[in-house]
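S.K.: Read off the chains here:
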Amino acid sequence: MIDMIVSQIANGLVLGFVYVLIAVGLSITFGLLGVINFAHGAFFALGAYFAWQLFHWFGWAAVIFAPPLVGLVGMAVEATIVRRLYGKEPLLSLIVTFALALLIEAIIRFTWGADGKPFNAPAIFSGIVEFGPLLITKYRVAVLGATIATLLGLWAFLAWTPYGRILRAGSRDPEMVELLGINLPRVLTAAFGLGCALAATAGVLAAPLWAVSPSMSANAVMPAFVVVAIGGLGSFRGAVVAGLAVGVVISLTIQFKPEAAAASMYVLMFAIMLLRPRGLFGERWERFE
Amino acid sequence: MIGIQRDKRSFLRLVTGAATMATIGWASAVAAEETGPIRIGLIYSKQGPGAAIGEFLQRGSALAVEQAGGKVLGRPIELVWLDEPNPQVSQQNMQRLIDENKVVAVVGGNYSSSALAMMSVANREKIPLILTGAAAREITGKECSRYTFRTQATVPVQIAGLMPYVAELGKKIYFITPSYAFGQDILRSARGMLPAIGGTEAGVDEVPVNTADYSSYILKIRQAKPDAVIGGLVGGDFSNFLKQWNEMGMKGKIPYAAVAVTDTDFWDVGPQASTGIFIKPWYYNNPNNTPAEKKMTADFVAKYGAPPSDKAWSGWIGMRALLESIEAAKSTKSADIVTALETWKNTEGSFPFYFRSWDHQMVRPAVIVQVKRTITDKWDFFDFLKNTSDTAADTEKAFGTKDEIGCSMPAL
Chain A
1 MIDMIVSQIA
11 NGLVLGFVYV
21 LIAVGLSITF
31 GLLGVINFAH
41 GAFFALGAYF
51 AWQLFHWFGW
61 AAVIFAPPLV
71 GLVGMAVEAT
81 IVRRLYGKEP
91 LLSLIVTFAL
101 ALLIEAIIRF
111 TWGADGKPFN
121 APAIFSGIVE
131 FGPLLITKYR
141 VAVLGATIAT
151 LLGLWAFLAW
161 TPYGRILRAG
171 SRDPEMVELL
181 GINLPRVLTA
191 AFGLGCALAA
201 TAGVLAAPLW
211 AVSPSMSANA
221 VMPAFVVVAI
231 GGLGSFRGAV
241 VAGLAVGVVI
251 SLTIQFKPEA
261 AAASMYVLMF
271 AIMLLRPRGL
281 FGERWERFE
Chain B
1 MIGIQRDKRS
11 FLRLVTGAAT
21 MATIGWASAV
31 AAEETGPIRI
41 GLIYSKQGPG
51 AAIGEFLQRG
61 SALAVEQAGG
71 KVLGRPIELV
81 WLDEPNPQVS
91 QQNMQRLIDE
101 NKVVAVVGGN
111 YSSSALAMMS
121 VANREKIPLI
131 LTGAAAREIT
141 GKECSRYTFR
151 TQATVPVQIA
161 GLMPYVAELG
171 KKIYFITPSY
181 AFGQDILRSA
191 RGMLPAIGGT
201 EAGVDEVPVN
211 TADYSSYILK
221 IRQAKPDAVI
231 GGLVGGDFSN
241 FLKQWNEMGM
251 KGKIPYAAVA
261 VTDTDFWDVG
271 PQASTGIFIK
281 PWYYNNPNNT
291 PAEKKMTADF
301 VAKYGAPPSD
311 KAWSGWIGMR
321 ALLESIEAAK
331 STKSADIVTA
341 LETWKNTEGS
351 FPFYFRSWDH
361 QMVRPAVIVQ
371 VKRTITDKWD
381 FFDFLKNTSD
391 TAADTEKAFG
401 TKDEIGCSMP
411 AL
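Chains as they are written, first to last, in the working numbering: chain A, 1 to 289; chain B, 1 to 412.
By construction, these hints were calculated from the structure, which means they are not laboratory data.
Quick caveat: nothing in here was measured; it's all calculated off a predicted structure.
There's no promise every hint is true.
27 Å max Cα-Cα, derived BS3-like pairs, lysine-lysine [as the list claims (entries may be wrong)]: (1) Lys102(B) x Lys71(B); (2) Lys397(B) x Lys71(B); (3) Lys251(B) x Lys372(B); (4) Lys220(B) x Lys257(A); (5) Lys172(B) x Lys225(B); (6) Lys253(B) x Lys171(B); (7) Lys138(A) x Lys251(B); (8) Lys257(A) x Lys225(B); (9) Lys303(B) x Lys378(B); (10) Lys171(B) x Lys126(B); (11) Lys172(B) x Lys257(A); (12) Lys138(A) x Lys225(B); (13) Lys172(B) x Lys253(B); (14) Lys251(B) x Lys386(B); (15) Lys378(B) x Lys251(B); (16) Lys126(B) x Lys345(B); (17) Lys257(A) x Lys171(B); (18) Lys138(A) x Lys397(B); (19) Lys251(B) x Lys257(A); (20) Lys257(A) x Lys253(B); (21) Lys225(B) x Lys372(B); (22) Lys138(A) x Lys253(B); (23) Lys397(B) x Lys386(B); (24) Lys294(B) x Lys220(B).
Stretch by stretch, here's where chain A covers chain B in the computed footprint (C-beta under 8 Å, at least three residues) [what the hints assert, rightly or not]: (25) 213-224; (26) 228-242; (27) 246-256; (28) 261-271; (29) 334-347.
Ideal placement from N, C-alpha and C gives every residue a C-beta, glycine not left out.
Turn these sequences into a full structure, and let the hints guide you.
M.R.: This is the structure:
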């Protein structure tokens, strides 16, 4: 039994990294823009579909362009719709982005059809790796590597580059950033595009694991919200810790009480919210007070 | 005095005029009811993991209308399609179809949980409902209704067809089923039949609907080392499972068998991930298909550029049965349609199939298929093995006796 528990925890951590990648884009969008983006899952699905299409047109190498392309779509959406939500009631952003999610899903269905698209991992990543009781597929190892690399790159970008500093400063004190002569609207457009590109990266990586279908966004958006709520709205560190915790809790629930697996992450969220309503790493943000 | 008389005359003229207008309005409404379009409701998924299934069901139903020349009783048919996202909304949509769209009957209900919710409305409003996908036994069992008919073979019938094949694979059986009425019925039926094949239970997982990642379930199955897995996952959930079953190297190692699958589950994941033995209502490339079914396949391919899935067939046969019954009844009154459906019979195959009058279950064998070793065609994934029964008597017997089914059919 110990072997099985160890195996499930390891599997949960890998699954957790997928959740982290889905959630971190959502967290960034909220943290930097103050917008609760319910369409995040739709951008995740769009990433998977762009990857499928690019693969069919140009082969595997082209798949890497799916996230930046979705990022561009996100920037266009920000410039036309999301921009109008800044500083408004959070409920308004929820309603508008929910409508946006439905619209994107309808566009996906209209463009690619209601049926799913077969999409498997590249042959180089087929097969499994076993270490004692642990079993992990080569593709999941690759997902783990890609996720960690993306998260480290994102952290370095936000922490060490001038653009990252402007983004962070803009999220805390937009007036001051504008007074310094920085074109804040353009910065916010880029930030929303970054969040969408991260959702799309998760979609690309999940495409060989989950069925690529218009409804795949539903599988992504709820765990992402739970992870962000547990980790603390806008907290990068919180999204990582919460994502891994959610992955492990789901895996262990499947081991001992499988019919409760879907509810387990909500129970975890409920418990954390009771103890710490701002989430594990949630901070006081003046502009949201 | 003269003024009062004039007022009386004006009032009488007004009343007469209003009465005439009302009579004309009523007469034209009656005329429209008798000559206007006949509305039929469809409740199939438009979104979520069942969207592809819903699309095929709708296409099948629409094709049946088209093949009927778009008319029944000489009047045009108008289809109104609403969504089947969950039991609550499906039930509300059923009510909307009746109250707002004034449909004469409804075809739909792919999920047992939604179907059971829709049945209560059909029963209360006395509107015929033909269920085209739901398989849980209670629909035509203890919850049976005079206004509900069902095309899909019940879970016990499908499991009984599957078990002899499972017995050939081994004795230790693992179950992975969805955690709602349909999945619970699979468990109940298969557990009841395990002793007959000398089987034992290696493990059971009841999986919540809309599960994306099955890796932890697959680890459990791998650890339990069963001889075979019996499943009942549906739609996108099943596609996710198949994909990850293959990804985790289980394809070809532990055989997988399931009931009530549909072609789109496999088309969605492609040949690489497809594996197993399955029970389906129908298969487009079955050499035993009737001429009408072959024509439906040809018409479907011509219209949509792809063959019909078994769901398209279910939507098609449900609508056909309804239209033929309305024609036979020469009426759109609910009681007349129900009576006609109870005597409706299709005689195009080697033996007839029909809705059994005492439980409203379509008595027709399902097909047993196996994923081909090598799939070369984009759509043709299966080898047809056999029907779940081969004679009219065996089919009737497979669907159970009155005592076994437990339906007390209420009066009209």
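S.K.: All the hints need checking, so say for each whether the structure fits it.
M.R.: Structure-based check of all given hints:
1. Restraint check for Lys102(B) and Lys71(B): satisfied, since their Cα atoms lie roughly 17 Å apart, inside the 27 Å limit.
2. A threshold of 27 Å between alpha carbons decides the hint, and for Lys397(B) with Lys71(B) the separation of about 37 Å lies outside it, so the pair is violated.
3. Proposed proximity of Lys251(B) and Lys372(B) is supported: the alpha carbons are some 13 Å apart, at most 27 Å.
4. Under the criterion of a C-alpha separation no larger than 27 Å, the hint pairing Lys220(B) with Lys257(A) is consistent with the structure, at around 12 Å.
5. With a CA separation close to 8 Å, the supplied pair Lys172(B) and Lys225(B) stays within the 27 Å bound.
6. Note on Lys253(B) and Lys171(B): the hinted pairing holds, with a Cα-Cα distance of about 15 Å set against a maximum of 27 Å.
7. Pair hint Lys138(A) plus Lys251(B) holds up; C-alpha atoms about 16 Å apart against a cutoff of 27 Å.
8. Distance hint between Lys257(A) and Lys225(B) is fulfilled; the C-alpha atoms sit about 19 Å from each other, no more than 27 Å.
9. A threshold of 27 Å between alpha carbons decides the hint, and for Lys303(B) with Lys378(B) the separation of about 17 Å falls inside it, so the pair holds.
10. The hinted pair formed by Lys171(B) and Lys126(B) fails the criterion: a straight-line CA distance of about 47 Å is larger than 27 Å.
11. For a cut-off of 27 Å, the pair hint linking Lys172(B) to Lys257(A) stands: about 21 Å separates their Cα positions.
12. Distance hint between Lys138(A) and Lys225(B) is fulfilled; the C-alpha atoms sit about 22 Å from each other, no more than 27 Å.
13. With a CA separation close to 14 Å, the supplied pair Lys172(B) and Lys253(B) stays within the 27 Å bound.
14. A hinted pair counts as satisfied when its Cα atoms are at most 27 Å apart, and Lys251(B) with Lys386(B) qualifies at roughly 23 Å.
15. Proposed proximity of Lys378(B) and Lys251(B) is supported: the alpha carbons are some 20 Å apart, at most 27 Å.
16. At roughly 22 Å between alpha-carbon atoms, Lys126(B) and Lys345(B) fall within 27 Å of each other, so this suggested pair holds.
17. A distance of roughly 25 Å separates the Cα atoms of Lys257(A) and Lys171(B); the hinted pair therefore holds under the 27 Å criterion.
18. A distance of roughly 50 Å separates the Cα atoms of Lys138(A) and Lys397(B); the hinted pair therefore is violated under the 27 Å criterion.
19. Note on Lys251(B) and Lys257(A): the hinted pairing holds, with a Cα-Cα distance of about 25 Å set against a maximum of 27 Å.
20. A threshold of 27 Å between alpha carbons decides the hint, and for Lys257(A) with Lys253(B) the separation of about 26 Å falls inside it, so the pair holds.
21. Straight-line distance between C-alpha atoms of Lys225(B) and Lys372(B) comes to about 24 Å, which keeps the hinted pair within the 27 Å bound.
22. A distance of roughly 18 Å separates the Cα atoms of Lys138(A) and Lys253(B); the hinted pair therefore holds under the 27 Å criterion.
23. Under the criterion of a C-alpha separation no larger than 27 Å, the hint pairing Lys397(B) with Lys386(B) is consistent with the structure, at around 17 Å.
24. Under the criterion of a C-alpha separation no larger than 27 Å, the hint pairing Lys294(B) with Lys220(B) is inconsistent with the structure, at around 43 Å.
25. Beta-carbon proximity to chain A at under 8 Å applies to 8 residues in the stretch 213-224 of chain B; the threshold of 3 is reached and the given coverage holds.
26. Requiring three or more residues with a Cβ within less than 8 Å of a Cβ of chain A, the coverage given for the stretch 228-242 of chain B holds, as 3 such residues are present.
27. Check on the stretch 246-256 of chain B: 4 of its residues sit with their Cβ under 8 Å from a Cβ of chain A, so the three-residue criterion for coverage holds.
28. By the rule of at least three residues with a Cβ nearer than 8 Å to a Cβ of chain A, the coverage given for the stretch 261-271 of chain B holds, with 6 such residues.
29. Look at the stretch 334-347 of chain B against chain A: 0 of its residues bring a Cβ nearer than 8 Å to a Cβ of that chain, fewer than three, so the hint is violated.
The earlier numbered hints that this structure contradicts are 2, 10, 18, 24, 29.
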